[in-house]
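The lines below spell out each chain.
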Amino acid sequence: MPVNKLVNTFSDAVADIPSGSSIMIGGFGGAGGQPTRLMLALREQGAKNLTIIGNVAGISKTTGYGWPDHLDPIDQGMFFESGQADKIICSFPVPGTTNPLSDIEQAWREGRAEVDIVPQGTLIERIRAAGAGIPAFFTPTGVGTPVAEGKEHRDFDGRTYLLEHALPADYALIRAEKADTRGNLQYIGTSRAFNPAMATAAKVTIVEVDELVEPGGIDPERVGTLSTYVDRIVVRKPGDQLP
Amino acid sequence: MTMTDPAPRLDRAGIARRAARDLQNGWTVNLGIGIPSMCADYLPDGVELRYHAENGILGFEELSAPGEGDPNLMDAGGKFPKRVPGMAFFDSVESFNLIRGGHIDVTVLGALQVSRSGDLSNWMIPKRGIGSIGGAMDLAANAKRVIVAMEHNAKGDVAKIVEKCDFPLTALGCVDQIVTDIAVIDVDRSAGELILKEVAPGWSFDEVQARTQVKLLATDTLGEMA
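Quick mapping for you: the protein sequence lines, in order, are chains G and D.
All the letters of the first sequence, read from the start, carry residue numbers 1 to 243 under my numbering.
All the letters of the second sequence, read from the start, carry residue numbers 1 to 226 under my numbering.
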């Protein structure tokens with residue numbers, strides 16, 4: 001009998017997320033590939049002391065980054081505005097100084113948030129490693145910079161590398177264009193970004209999709225995330241105006 | 001202390017135009033935000049580049065008209081390119097395999113400071129205490145060639161080309177060339193020397209030197225930026 005991964009509502013999909021959880025939020029930053037309905041549901045749900053793991057994390061609201069002009073942007077800063085998160089691990093938490101203060105920087109300035117800034121390639125590889133059974137790896141990125149402090153260095157063929165560790169999470173909230181009922185996912189355009197790797201790195205992966213299809217409704221050649229990684233599927237209402 | 005400039009400095013487009021002149025046909029390039037992204041508007045005739053953006057797109061060209069962009073077709077600056085033939089989409093693992101693996105021919109980046117040995121600082125102003133790294137550390141450390149395109153001085157003629165960066169570093173010894181609003185400077189990283197190759201029209205070696213903390217080396221023929 002097929003396992004039913006389908007969850008009826010966004011609030012049901014995040015209802016059991018406890019306070020203190022680490023939460024990966026997919027996409028790149030911007031509207032495309034961001035699980036915006038799941039994020040809104042988690043804000044409503046109210047879990048606290050969250051650690052958020054994202055990429056370009058909180059700059060859309062104040063800069064419009066990656067959002068169509070006619071909409072008010074929503075970004076991961078919402079969990080710092082609401083006081084639900086006290087830590088973020090990401091590569092790009094703040095915009096340039098000419099922009100208004102972001103929710104993340106505001107929380108950081110008030111001592112309400114720890115901000116761990118990770119080079120983007122290191123961040124995605126740490127997430128990939130967590131899903132791939134690799135506890136740590138060496139990267140040339142960051143040598144000689146503040147991110148190298150306290151980390152093991154080793155030379156290979158005359159070049160120096162840093163040891164970086166895998167980064168798993170309790171939950172991954174991700175976004176895809178289509179799911180089949182087994183949980184195979186198909187992505188569109190540049191909405192892949194952090195979604196496929198995050199799907200592999202969390203204990204529970206919850207996907208927000210625009211469309212649900214029967215098995216066979218996604219060409220096997222176009223499966224971007226395997227059903228094995230996906231635990232819960234929530235489908236957006238047809239004609240949802242939020243990107 | 002502010003000195004009087006001997007001639008106008010190039011504008012941001014002028015910096016981008018000069019930086020673009022050394023980009024070679026067929027190269028896979030990643031342009032940073034700001035002045036670097038403007039290089040795309042000033043390519044020499046006959047030069048076509050393959051543009052990479054770290055959010056997972058290769059082979060994009062012009063942007064969509066305002067209001068017509070597709071959020072699922074974005075570049076790393078949060079803008080929306082048009083869908084064109086030959087374009088490819090991929091996830092962030094692949095995108096940084098491309099960067100970390102040394103497959104990007106050139107990246108053009110902005111900078112807060114560059115040192116005589118090619119160290120780059122471009123992600124955090126110390127007094128702010130928080131900054132954004134994004135893909136800059138991966139690009140600076142791993143692209144085959146790194147060009148910095150920036151204004152030569154910060155406010156008040158403060159030098160940005162310095163003996164040693166005192167802002168947090170992006171990468172050690174990575175910059176190959178610096179293009180500013182008054183000069184083109186090659187970085188000899190192994191020797192830790194900066195060679196002044198070109199000056200803006202109306203500028204002399206000494207006028208550029210006066211606005212640069214590092215002692216510059218001269219070439220036989222000092223060129224004029226065009």
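Derived from the structure by calculation, the hints contain no laboratory data.
Do not take every clue at face value.
[As the list claims (entries may be wrong)] Here are the simulated lysine-lysine pairs, BS3-like style, with alpha carbons at most 27 Å apart: (1) G:LYS151 <-> D:LYS127; (2) D:LYS79 <-> G:LYS178; (3) D:LYS155 <-> G:LYS151; (4) G:LYS5 <-> G:LYS151; (5) D:LYS164 <-> D:LYS215; (6) G:LYS178 <-> D:LYS215; (7) G:LYS5 <-> G:LYS203; (8) G:LYS87 <-> G:LYS178; (9) D:LYS127 <-> D:LYS82; (10) G:LYS87 <-> D:LYS127; (11) D:LYS155 <-> D:LYS197; (12) G:LYS151 <-> D:LYS215.
[Stated by the list, open to error] If you only want the chain G side, here are some residues facing chain D, beta carbon under 7 Å, derived: (13) GLY66; (14) ILE74; (15) VAL94; (16) THR98; (17) GLN106; (18) PRO119; (19) ILE134; (20) ALA136; (21) PRO140; (22) GLY144; (23) ALA148; (24) THR190.
Note that the structure is predicted; figures quoted are calculated from it, not measured.
Every residue, glycine too, gets a C-beta built ideally from N, C-alpha and C.
Here is what the structure says about each hint:
no.	hint	result
1	G:LYS151 <-> D:LYS127	holds (25 Å)
2	D:LYS79 <-> G:LYS178	holds (24 Å)
3	D:LYS155 <-> G:LYS151	violated (36 Å)
4	G:LYS5 <-> G:LYS151	violated (40 Å)
5	D:LYS164 <-> D:LYS215	holds (13 Å)
6	G:LYS178 <-> D:LYS215	violated (59 Å)
7	G:LYS5 <-> G:LYS203	holds (15 Å)
8	G:LYS87 <-> G:LYS178	violated (31 Å)
9	D:LYS127 <-> D:LYS82	violated (39 Å)
10	G:LYS87 <-> D:LYS127	holds (21 Å)
11	D:LYS155 <-> D:LYS197	holds (24 Å)
12	G:LYS151 <-> D:LYS215	violated (35 Å)
13	GLY66	holds (4 Å)
14	ILE74	violated (12 Å)
15	VAL94	holds (5 Å)
16	THR98	violated (11 Å)
17	GLN106	violated (11 Å)
18	PRO119	holds (4 Å)
19	ILE134	violated (12 Å)
20	ALA136	violated (16 Å)
21	PRO140	holds (5 Å)
22	GLY144	holds (4 Å)
23	ALA148	violated (9 Å)
24	THR190	holds (5 Å)
Of the hints listed earlier, those the structure fails to meet are numbers 3, 4, 6, 8, 9, 12, 14, 16, 17, 19, 20 and 23, in rising order.
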